[in-house]
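Visitor: The chain contents come next:
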Amino acid sequence: MVIRDTRERYGAVSRVLHWSMALAVFALFGLGWWMVGLDYYSPYYRSAPDLHRSVGLLVLFVLGLRIAWRLVNVKPDGDDLTPTERRASRIVHVAFYPLLVILMVSGYFISTADGRAIDVFGWFSVPALVVAPRLEDAAGLVHEWTAYAVMALAGLHSAAALKHRFWDSGATHRRMW
Amino acid sequence: MACYSIYFAKGYTHMIARMVSLGLAALVAASPPVSAADYDIDTKGAHASINFRIPHLGFSWLVGRFDTFSGTFSYDEKNPSAAKVAVEIDAASINSNHAERDKHLRAVDFLDVAQFPKATFVSTSVTPDGAGKAKIVGDFTLRGVTKPITIDAVFVGGGDDPWGGYRQGFAGKTKLVLADFGILKELGPASKDVELDLHVEGIRK
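So the protein sequences, as listed, match chains A and B.
Each residue of the first sequence is one higher than the last, beginning at 1 in our numbering.
Each residue of the second sequence is one higher than the last, beginning at 1 in our numbering.
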């Protein structure tokens, strides 16, 4: 088991980061979608948003680790990609990072707009950094649309990975598997 | 020394009293006959507030307010039944001291401020009881729905303010059924109605 990334494939750390974040981001999207429609008397009306906030902030922390790890590792390159595929892949991969940062930071701003801190599973709390009138509304719009953009990008990314898995014979899809 | 200053002060007071009485006489002569005057609700100085409260689960009251509104009224002490009042509220200025909740209150479940940015009240009749209280009936528009409501109003006080203006102040209460205004989000059996607690001070134009 290789820890660091190589020219040929992603190492263990990158793979754990990638798959745990993929799972968390899809779960957060589903949870977020579901929780905003909850009835006021639902037993999950308070716990679902608490879970969403807590996991979201942990993902933001993990994303920071991931970006740092990306910067100190070589990038595997897909030898079996056409130049167009290579360019598209580069754009999608690079776009994920700022979109995920915006997604999670905007979520944080919704809950902290009035100076309240976010409690993460009762382990610790993350204080508010910016307090501004109506910040929650602006942050809410950004959070919603960035979430859709991330889902669209994740769909594109998954479709491309499946294409390499089933149409192309190369090792591209196995780099992260 | 002490005697001298008292004497001096007496003379001075006399002079001021003469000046004031002359000034008042001029003012009275210049004033129009007492009739309905128009007032701006003092939102600039925030001597007016539109507060609401709604039971939370039936266990306590959730209290909030609308931070931004404007309005005018006309009022004649001699003929209060001719009074009129009109208020426009910025629905998005709802403030329950909790940003996440306020975001929800502005959304489609409650006020839907993107579609209905303004709430308004325009009085249609004022019925005084002769003892400083009145029923103010008017059309209240909230979330695009216009319904007549009745405000139980009470005259609090009025007169010259210390800065050259003239003011009148009132308080009022009314109750709204949320469903009447298309707010159908279920908040529980104790929370069907919201009470409005109004405080209005007007400065004569």
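Hints were generated in silico from the structure; no laboratory data involved.
Think of the CB as a built atom: it goes at the ideal place given N, C-alpha and C, for glycine as much as any other residue.
Keep in mind that the hints are not guaranteed to be accurate.
SDA-like cross-link-like pairs, simulated, lysine to any residue; straight-line CA separation at most 20 Å [to be verified]:
(1) LYS118/B to ASP137/A
(2) LYS103/B to ALA95/A
(3) LYS103/B to ALA132/A
(4) LYS173/B to SER70/B
(5) LYS103/B to PRO83/A
(6) LYS192/B to HIS52/A
(7) LYS103/B to ARG175/A
(8) LYS103/B to TRP33/A
(9) LYS103/B to GLY32/A
(10) LYS103/B to ARG116/A
(11) LYS147/B to LYS103/B
Partial pick of chain B residues on the chain A-facing surface, computed with a CB cut under 7 Å [claimed, not checked]:
(12) ALA99
(13) LYS103
(14) ASP109
(15) LEU187
Here are the in silico distance ranges between beta carbons for each label pair [claimed, not checked]:
(16) ALA114/B to LEU156/A: 22 to 32 Å
(17) VAL156/B to PRO127/A: 38 to 48 Å
(18) ALA117/A to ALA114/B: 23 to 33 Å
(19) VAL130/A to VAL63/B: 38 to 48 Å
(20) HIS56/B to ARG87/A: 47 to 57 Å
(21) GLY37/A to HIS56/B: 16 to 26 Å
(22) ALA114/B to SER158/A: 45 to 55 Å
(23) ARG4/A to VAL108/B: 11 to 21 Å
(24) ARG174/A to HIS98/B: 15 to 25 Å
Visitor: With reference to the structure, classify each hint as holding or not holding.
Guide: Structure-based check of each hint:
no., hint, verdict
1, LYS118/B to ASP137/A, "17 Å, holds"
2, LYS103/B to ALA95/A, "29 Å, violated"
3, LYS103/B to ALA132/A, "13 Å, holds"
4, LYS173/B to SER70/B, "18 Å, holds"
5, LYS103/B to PRO83/A, "46 Å, violated"
6, LYS192/B to HIS52/A, "29 Å, violated"
7, LYS103/B to ARG175/A, "43 Å, violated"
8, LYS103/B to TRP33/A, "16 Å, holds"
9, LYS103/B to GLY32/A, "15 Å, holds"
10, LYS103/B to ARG116/A, "14 Å, holds"
11, LYS147/B to LYS103/B, "25 Å, violated"
12, ALA99, "4 Å, holds"
13, LYS103, "4 Å, holds"
14, ASP109, "9 Å, violated"
15, LEU187, "5 Å, holds"
16, ALA114/B to LEU156/A: 22 to 32 Å, "30 Å, holds"
17, VAL156/B to PRO127/A: 38 to 48 Å, "42 Å, holds"
18, ALA117/A to ALA114/B: 23 to 33 Å, "29 Å, holds"
19, VAL130/A to VAL63/B: 38 to 48 Å, "26 Å, violated"
20, HIS56/B to ARG87/A: 47 to 57 Å, "55 Å, holds"
21, GLY37/A to HIS56/B: 16 to 26 Å, "21 Å, holds"
22, ALA114/B to SER158/A: 45 to 55 Å, "33 Å, violated"
23, ARG4/A to VAL108/B: 11 to 21 Å, "49 Å, violated"
24, ARG174/A to HIS98/B: 15 to 25 Å, "49 Å, violated"
Against the hints set out earlier in the document, violations occur for numbers 2, 5, 6, 7, 11, 14, 19, 22, 23 and 24.
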